[in-house]
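Protein sequence lines correspond, in order, to chains A and B. Taking this note's numbering, the leading residue of the first sequence gets 47, the next gets one more, and so forth. Taking this note's numbering, the leading residue of the second sequence gets 445, the next gets one more, and so forth.
Check before you lean on any hint, since a few could be wrong.
[What the hints assert, rightly or not] Derived list of chain B stretches under chain A, where covered just means 3 residues or more per stretch with a C-beta under 8 Å from a C-beta of chain A:
#1 476-486
#2 500-513
#3 520-531
#4 605-617
[Said to hold, decoys possible] In silico SDA-like links for lysine to any residue, alpha-carbon gap of 25 Å or less:
#5 B/K712 to B/L665
#6 B/K591 to A/A93
#7 B/K575 to A/D229
#8 B/K599 to B/E584
#9 B/K591 to A/E190
#10 B/K591 to A/I116
#11 B/K591 to A/K170
#12 B/K623 to B/T698
#13 B/K514 to B/W710
#14 B/K575 to A/V232
#15 B/K712 to B/L722
Because the hints were derived from the structure by calculation, they are not lab data. The structure displayed is predicted, hence computed values, not measured ones. Every residue, glycine too, gets a C-beta built ideally from N, C-alpha and C.
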Amino acid sequence: MLADTTGSWTPVALSADLPAGTVNPARIATESIALWRSDSGRVAASADRCPHRGMRLSHGFVRGEAISCIYHGWSYAQAGNCLRIPAHPGLVPPETIRVVTHAVEEADGVIWVAFGTPASIPPKLDGFVPLRSLTILAMTAQIEAAAGAVANSEGLIESGTIRLLLSTQHEGETLVHVLVKDDADVATRITASRTAENLRRTAEDLQGKGSVQ
Amino acid sequence: MTMQAMIDEWYPVGLISQLDAGGRRTALMGEPILVASDIDGKAKVTGGNGRILPVRLRYGHVWSSLGDPKNELFPIPEADQPGRRFVDVGVVRVRCSPLRAVENFLDIAHFPFVHTDILGAEPHTEVQNYKVEIREDVDEVWATQVKFYQPQAAKSASGGITTEYMYRVPAPTCSVLYKTCPPRPSEWDVITLFVQPLAEDICDVWPWMALFDDETSLTDLIHFQQTIFLQDRSILENQIPRLLPLDPGMEIPTRADLTSIAYRRWLKRHNYTYGAQLVAQ
């Protein structure tokens with residue numbers, strides 16, 4: 047996570063895991079968000095709560111360029127303004143009905159969401175591309191110990207031939223995006239995936255030991 | 445949390461048909477209770493410290509209270525009407541406030557999205573104006589002239605019809621719904637939602653029905669209602685916050701939510717706040 051005085055970028059998901067017309071839950075810092083991609087391919091992030099009756103928007107559905115709440119179908123634009131209230135089809139929703147939104151950047155196959163107002167752009171991956179994501183039930187310290195390397199200020203760990211991009215979740219979980227060189231062949235990619243799984247086991251073992259001490 | 449006002453109310457704690465000597469261990473507003481039949485076969489509800497709690501047997505269910513109910517259990521006249529079929533639907537446990545479960549039951553605008561192609565379907569999403577009042581003489585919330593287009597309103601309905609509804613809230617965690625009866629247009633089907641507050645954020649929902657339907661098998665009737673309530677559960681367990689917010693700034697109602705607005709106002713007026721969140725957090 048790259049932090050500066052005004053905000054930070056969180057790598058919330060890989061582009062490949064969010065096809066057009068879908069929504070997923072994600073997290074930035076302590077907050078749940080709804081991450082969605084419109085039919086035309088634009089990514090947006092909003093608070094994971096419809097202001098009408100508090101339903102999680104990440105359970106909703108995407109149609110065209112809007113996300114709709116699954117409870118009553120209220121739909122919202124990428125900017126967060128309410129577009130439609132199906133119970134009152136003739137009503138133009140007032141500007142005051144809106145969901146909180148967050149800035150999104152998508153680059154090199156990674157979706158970044160801003161917490162606050164970052165002054166900079168998300169970090170570059172420098173010749174690496176995402177392979178897969180996995181959730182590890184361990185904190186950064188245990189993952190660093192398992193990888194034998196320390197995360198830099200951008201939350202990136204260099205471990206042998208792979209790079210790990212970390213995003214702290216909640217309750218001792220960390221979302222880890224595994225990166226490989228952009229010219230890696232299939233065999234190298236398979237090896238990298240297994241390396242990441244071994245690293246997960248090691249980090250979770252360390253976490254388990256830590257909790258009983 | 446204030447338990448005081450709600451502690452003297454009646455709550456469902458089990459089915460009469462499932463009473464046995466071994467008993468059912470459950471909870472009421474955080475207190476472990478035992479619902480059993482005694483040596484004479486009579487229903488007996490025992491509180492956490494061994495004290496005997498008041499009991500009523502009505503509408504297919506055993507009712508009890510941790511406090512000292514000042515009022516008798518609310519009447520449902522249709523429960524004594526000849527020709528009706530009484531259906532114990534069973535229980536659905538939901539991780540939500542008991543008040544949120546009732547509010548969802550009072551809502552029709554979610555039908556096309558949550559009960560798609562059963563109780564509603566796009567593009568028939570409009571909620572027409574209806575009437576809501578708090579009837580002071582009986583101290584109940586009533587919504588009448590509620591109309592909605594439904595693809596399959598009941599197990600006994602074939603094809604889409606515009607269904608008319610009336611809703612009653614006679615107790616803080618109970619609601620009675622009167623609904624167009626497809627085989628007998630002059631009568632109303634009665635579907636109730638009896639909610640047992642296990643704690644402020646978890647409840648057992650006991651639907652019960654009094655219908656004019658001699659055709660549908662009991663299994664199909666129960667299955668139909670179970671499907672509906674399981675669809676509702678996927679919503680109720682994902683609302684934030686889990687407690688019902690009574691702070692008006694926390695959620696945004698529209699005209700379609702007039703029943704919910706009246707229900708929240710009535711809860712506030714009576715200090716029925718077990719399962720409610722009073723201040724935004």
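Contradicted hints - numbers only: 1, 2, 3, 4, 5, 6, 7, 8, 9, 11, 14
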